[in-house]
Structures are given as C-alpha cells and as structure tokens.
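Participant: Sequence:
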Amino acid sequence: MQITLPDGSVKSYDRSVTALDVARDIGPRLAEAAIGAKVNDQLWDINRPLPGDCKLAIITRPRLEKDGKTKGEHNPDALYLLRHSTAHVMAEAIQRLYPAAKLAYGPPLENGFYYDISLEAPISSEDFPKIEAEMAKIIAENRQFIRYELPTPDGMKRVATEGNKYKIDNAKRAVDGGAATLSWYVTGEPRRIRKASGEEFFFITAGPVTSTNTFCVPTSALQGSVLDVSKKQEHVSGDFVDQEAPHWQWEDLCMGPHVPNTGVIGAFKVTSVASSHWHGNVDSDRFQRVYGTAFFSKADLDAHLNQLDEAKQRDHRVIGQKLGLFVIDEMVGQGLVLWKPRGGMVRTLLQEFLQRELLHRGYDMVFTPHIGKIDLYKTSGHYPYYAEAQFPPIKMRDHVGGTGGDEEYILKPMNCPHHIRIYASDPHSYRDLPVRLAEFGTVYRFEQSGELSGMTRVRGFTQDDAHIFCTQDQVKHEFRATVELVQFVFDVFGFKDVSIRLSLRDPASDKYTGAPELWDQAERELREVLQEMKVSYTEAKGEAAFYGPKTDFIVKDVIGRKWQLGTVQLDYNLPERFKIEYIGADNKPHRPVMIHRAPFGSMERFMAILIEHYAGAFPLWLSPEQVRVLPISEKFTAYGQKVTQALSDAGFRVRLDESGDRVQAKIKVAQDLKVNYMLVVGGKDEAAQAVSIRCRTRGDLGAVPIQAFVDKAKNELATNGRDLVGL
RNA sequence: GCCACCUUAGCUCAGUGGUAGAGCGAUGCUUUCGUAAAGCAUAGGUCGUGGGUUCAAAUCCCACAGGUGGCCCCA
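Mapping the first sequence onto our numbering, position 382 (from 1) lands on 923, and the numbers just tick up by one.
Simulated from the structure, these hints should not be mistaken for lab results. Any given hint could turn out to be false.
Unchecked claim - Pairs of lysine-lysine residues, derived as DSS-like cross-links and limited to a Cα-Cα distance of at most 25 Å, are as follows: (1) Lys1120 / Lys1183; (2) Lys772 / Lys736; (3) Lys863 / Lys1215; (4) Lys810 / Lys772; (5) Lys612 / Lys552; (6) Lys612 / Lys579; (7) Lys863 / Lys1103; (8) Lys1097 / Lys1215; (9) Lys1052 / Lys1129; (10) Lys1176 / Lys1255; (11) Lys1037 / Lys1120; (12) Lys1017 / Lys1082; (13) Lys596 / Lys698.
Said to hold, decoys possible - Derived DEER-like restraints, expressed as beta-carbon distance ranges: (14) Asp710 / Leu605: 23 to 33 Å; (15) Glu893 / Gln854: 27 to 37 Å; (16) Val823 / Thr1079: 33 to 43 Å; (17) Lys671 / Asp1032: 48 to 58 Å; (18) Leu900 / Lys936: 34 to 44 Å; (19) Ser665 / Phe908: 47 to 57 Å; (20) Pro547 / Glu929: 48 to 58 Å; (21) Ala641 / Lys607: 22 to 32 Å.
These numbers come from a predicted model, not from an experiment. Cβ atoms here follow ideal geometry from the backbone N, Cα and C, with glycine treated the same way.
Using the sequences and the accompanying hints, generate a full structural model.
Facilitator: What follows is the structure, encoded as structure tokens:
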C-alpha cells in the first residue's frame, strides 16, 4: 500500500494500516495529537483502515497558547470532526433524558452543529443545563467512537428494526445515492460477554436492549476503531462465564467520520433551540433543532461566546436604537421602517452619492407612484405569480363617473412595470438606446410575519432601482458596466466579504415565465460576462427571479446571516409581455432587452449592513453629525456658537452642546453617538480663535485655528478619508 | 404562516401569588469646570392588550398584538 503524505513523501506498507499507524511511524507526538485524517481529500477516522493507495494528511488537535486558546487559525477540518462528534454526544444525552426522542439529522455547521430531534414535548433553554450535564458525563467517560458497516440489505433491515422512520429515510437516501454499505457509530466500547470456551463477544445493541435490536461479534473483529461485522451472529448460545452487566450503549446511523473518543471534546455548549421540519417541508413532521457548539479548549469557547456578544452589540437593531437612526413602530405596522433624523441624514447622503454616480454613468432619474392598477401587474406577471406576497388589492368604485365598475389597485411590489410604461410612452430608435431609467422607488411586499427582521427584511422598502433598455448587441456591455458599478459601490464602502451568486432558474419548477430558449440565452450571457470579468462566483439553481436570471451580491450580517444586497438581472420576458419596441437600423420594430439592477439592493437592507459594517461609526462623508462643539463651561457658549456657525457655513453637519454638563460628560455623550470630531473650546481657544480637536478614535489632537480645522476636515472629505484630520 | 421563547418607566434591565424597583435619560436647583458620566432633588408605570383562576395576579391559565431565534418563503 502506497501512502503519499502532504510533503510528497511516500510510505509503503504490505499490510492494512490506519492513519494512526502512519502517524506513529512519523512520530509519537504526531500520533498523540492525531484526531482524524484526510484521505484523498476526504475526511476519515484516524483509526479506520486506509482504503489502499492514497493521499493522506493527518488532522491534529490544535496546539494551545498559554492562555488556552488555539495557536493561530482554527483548522476547519478538526473543528468539523469535533462538532460532528459533539452532535452525537448531545443526541445521546438527549435520548438518555428523553427516551422517546427520535433522531433525524445532525450535521456540523460553520460555527457549531445542530441535531434535528423529534420529541414529545418541546424543550427550552431551561433544559440546556440538564443536557449539558449529561454530555459532560459522556465526555468524562472518554468513550471511543467505533464504526461498523453493514451491506445495504442487512443495514436496511437493521434500521427497519430500530423503527425510526427518519433514519430509515436517511438510509434509503444513502442507498439511492449509490452507497454499498451503511455505517453506524457506536459511542463507547460495547458490552463484552465471554463463553466458557474463552471466546469473547461484543454485544451490540441500539439503545436499550430488546429482543430485536442486538447482535454479537467476536471481540477480535474490532480493528482500530472499526468493527468488522461480517461474522456477526444474531444470537450466541452456550455458557457464559463472564458477562458485563447490561448497560446503556449508544449508536447512530452516520457516515462519519468522528474524533477517536469523546474525551477530545474540550469545551462545548448547547446554544439554542428552534423548530425545523423534516426535509424542510412545512407540512411534514416538526423537529426540535437543538444548536450547540464545541471547541478544543474552554478558552476558545469563551472567545467564541465573547465574539457573539460583541456581534450582538454591533447588530443594526441595537445600534439603530442607540444612535437614533430608525425605529419600527408597532402602531405604524410590522416591517415598516421610520427613518429618524440621524438615519434620514445617512440615507440622504447615500442617495446623493449614488445619484451623482448614476448621472455620471448615463442614467436618467424618473419618479413613479406607489400604486398601480392591477392590470399592470397582470401584464407584468407579478400578480398571478406572487399574489400571496403582495398587499391585497385596494378596490375603488368610480362614484363620480358612474360607470359602475370596480377598479383595483395594488401597492407596487416592483418598479419595473412603471418604468416600462415610461419607456413605452415614447417611440424609440436604436440610436436612443440604451435608455437607463433610475429611481429610488419604494415597493411593498407582504412578507410573512415570521420573516421580518429589523431593517434587513421589511414590508416597505426603497430600491435604488434602475432599468436599462438596450439592444441585444449592447447586452453584454451594459451588463458588465452594471456589475462594475456594483463593485465600485461596494469598494467605496469597503465591503470585503462579498460573494457573487449567479442565480439561475430551476428547470423543474413552473414558477418562471418566458421561453426556455430565452432563459438559456440570458443565463449563457451572464455567465460569459462574469467569466470575462474574471470574478469568482457560484451558481445557484432555482434562485432566479421569475422573469430572468440574475447576478446577486451577497454579504453577511454580524450574526452570520447572509443577505442579498446588490443585484443585476437580465430580462427578455417583461419586454415581451409589455410588447415594447424600438426601431432598428433596418427601419423595422425590434424587442429591446431589459436589465434590472440595484447596487444597494434596498436602502433599508443596505443601511442595516452598513451600520453593522461600521459598527455605527460612519466615515466623515456619511456621518449624520460630523462635528460637535463642546464649550468647557457655559461661559464659552458664545464662542462655541461662533465656531459652530463657522463650520456650518463651511458645509459641515455640526452641533453645539449647550448643556450644563462638564466637558468630560459632553465627550462621553459625543463619543457614544460616534461623532467624528469633537471640538473642545475654552478660554485658551477663544483667546487664540482656535479649537481643540478630539477625534472619536484617536483622542486629543491638539489645538488649531478654526480655519485650519475646516481645511483639514475638507481635505479628509476630498481624499475619501485617506488624509485624516490631525495627521 | 409554523414552532419555541420574550414583552415591567424614554432606554437597559431586576422583581416566581401579598402595597411596583434600579441605573441611565428627562426636568429643576447647585457647580462654571480642559478631553469617556459633578452633586442634590423632582417627575415618570392601570407591568403589551383583552379575558379567566384566586381573598389577592407583573407573577398562574387562555386568546390576541408586537419582538427574538429558527423553519418555510424571499420579485
């Protein structure tokens, strides 16, 4: 057997070996730290015989710093194994506490793991300590994870015997996916029984012993952590001279792999419980989804929990409240955002910034109303396709005209139909194209109540929307220009962790409108442009808009949820539905192509992410309050007013703190509000006609003449923050 | 929409069946102060809403509303 190690060296064996055997041959310290392996880039149990010639990398537990934290970066593979194993430990603990619990599915996650479990009574956070205590016992017992495999017919029989329909389903899926065997992991060495003849057997049982869920194998069948069950017997007869008392033994149908034993789990926590559904289907069985996380050390866990706490402080809902940026008022309605003056200032600045950029890039601004007649949306396809996501129609009767008919309007769920009608209001020559119509257009969607969340998911929001009408020849150029616009915008705000998703239709679904050939063409063109631009992206089937494929820009919020911000969508369908035209060089009518695009996505969601991105500390150009003047006592209020006026005249957003507080208190207040610069003014400053600058991050920067501060601050704006005041 | 949990002063929160509390904020007075909270005083609450149990409910039960975490959804 030829084993190729990561450094390229090769080890040869003429016998079956496990990754641990190889690790031992390399060095005792490696073997000591080894908890798993990667075999041909696939995770593998450290004690499982290697499959033959292969590439092998040993996964070790991390080295710890003096303070107990992992040295350097966490190894995702090591954490994966650890958390997958901890999920088993938690499931066992829950089954011990609630014997009726049926397990469904328990994968590791980026920051932890969960297990979907069917329980008779729901559990709550009050039950966590009990579960954690039970887990701690299992970990203290330092039990081995032992793997055994059964050929699929035998394996299916075994899951059927256990009678857990979810596991039966998991097994069926594995078999349908081509698995030749099914594997189980036993937590802990099984009970041993010994016959008078000296033969020793493991007595394998799933959960509490019954007549049907047990079998026996000779103890010699345990090699490494793998139990060879090819010689299993349902019953062993004869005289037993030594028999361990029946004890609880736990196993789970599982692909693995796992860490070698439960003792590897250094620190863990059950973090939350929520509900989920079998196969994600609402009409199907409901599970308790119990979340937890695990680390190799207590210090790592504490650091992680601290980080979560800090993230909570960065949450836009928390900061929005603290800084007075926005409020969502019960009396106004769910999911309807009220932008308070400070938030409104930021939004105005965002709009000014983008609008300047759009005008520069050949867009025209338009305005359209918030409602439209229902036929408009029937033509566009919104109404029949997404009726349940819209506010119900407003019925109007024409009393004055007496025509007697009812007219129905809906709050617009999208701006495109209105923009299409603007396009259609004039004849167009190919010479006019592309036509780029932009609007900060407010739309209303009746999102499910359970989905609403701060400013990231709301029922009324304003898209920084635009629709580009162009010829087929112009599509790729225009599409590329819009993607570049989105990239430009994200760059201005310093968003680094952005993923690009090419959202395609799911050919199996019937929720899309338009001919498949047009979809294929649009999807092909988007893909080509992204490839030409050499941007990395992932493709997501089924994520397209109902009228066309799109390129979405996804960012994460502070608690790790992913949100789509910018989007660029290619659309052959709406021009067709509205039968819009332009006259080509051949003097014949042609159908233009539409591109929908929104760099921010919506003002609300963008603002939410921006608040979290900056932790509320907006850069000078975006700050609702750039400067606050702080007289050291009320005696200097008059001079403070003079300074405030000078700054205001110079175009800055500035306030004077006229309270009777001491300057320390004024600073505290201004710091908490994340004001960029505080100007402390007292007798010395007045005498010199100066201001003492304090920066919210860099503290006291010393005194300068008023005009000098104005110039420095203007320079900071002009250089987009590269030249900071005080440097 | 579904499941679980939560809702007490403007904000953050304590209060597990027996007369509603704290800190911050607000207001007033004193202090007139040089870089992250001066001192004192006062006001502010039918404890989300409605119903029920009880001699007695912020506290227990039910319904509704809103929020949070998930699920489903997401043009």
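Participant: It remains to establish, for every hint, whether it holds in the given structure.
Facilitator: Quick rundown of the hints versus the structure:
1. Distance check on the hinted pair: Lys1120 and Lys1183 sit about 62 Å apart at the alpha-carbon level, beyond 25 Å; violated.
2. Between Lys772 and Lys736 the alpha-carbon distance is near 17 Å, which keeps this suggested pair within the 25 Å criterion.
3. Between the alpha carbons of Lys863 and Lys1215 the distance comes to roughly 10 Å, so the proposed pair stays at or under 25 Å and holds.
4. Among the hinted pairs, Lys810 with Lys772 is inconsistent with the structure: their alpha-carbon atoms are about 40 Å apart, more than 25 Å.
5. For the proposed pair Lys612 and Lys552, the alpha carbon gap of about 29 Å is over 25 Å, so the pair is violated.
6. Proposed proximity of Lys612 and Lys579 is supported: the alpha carbons are some 21 Å apart, at most 25 Å.
7. Restraint check for Lys863 and Lys1103: the C-alpha separation of about 24 Å stays at or below 25 Å, so the hint holds.
8. A distance of roughly 23 Å separates the Cα atoms of Lys1097 and Lys1215; the hinted pair therefore holds under the 25 Å criterion.
9. Our distance criterion of 25 Å between C-alpha atoms is broken by Lys1052 and Lys1129, whose separation comes to about 33 Å.
10. Between Lys1176 and Lys1255 the alpha-carbon distance is near 29 Å, which puts this suggested pair outside the 25 Å criterion.
11. Between Lys1037 and Lys1120, the direct Cα distance comes to roughly 41 Å. Violation of the 25 Å bound is thereby established for this hinted pair.
12. Our distance criterion of 25 Å between C-alpha atoms is met by Lys1017 and Lys1082, whose separation comes to about 21 Å.
13. For the proposed pair Lys596 and Lys698, the alpha carbon gap of about 35 Å is over 25 Å, so the pair is violated.
14. For Asp710 and Leu605, the hinted distance range of 23 to 33 Å is not satisfied, since their beta carbons lie about 41 Å from each other.
15. The given range of 27 to 37 Å is respected by Glu893 and Gln854, whose C-beta atoms sit roughly 30 Å from each other.
16. For the pair Val823 and Thr1079, the supplied restraint of 33 to 43 Å is violated, since their beta-carbon distance comes to about 27 Å.
17. In this structure, Lys671 and Asp1032 meet the distance hint of 48 to 58 Å, their C-beta atoms being roughly 50 Å apart.
18. Between Leu900 and Lys936 the CB atoms are about 40 Å apart, so this pair conforms to the stated range of 34 to 44 Å.
19. In this structure, Ser665 and Phe908 meet the distance hint of 47 to 57 Å, their C-beta atoms being roughly 50 Å apart.
20. For Pro547 and Glu929, the hinted distance range of 48 to 58 Å is satisfied, since their beta carbons lie about 53 Å from each other.
21. Distance hint check: the CB atoms of Ala641 and Lys607 are about 46 Å apart, inconsistent with the given range 22 to 32 Å.
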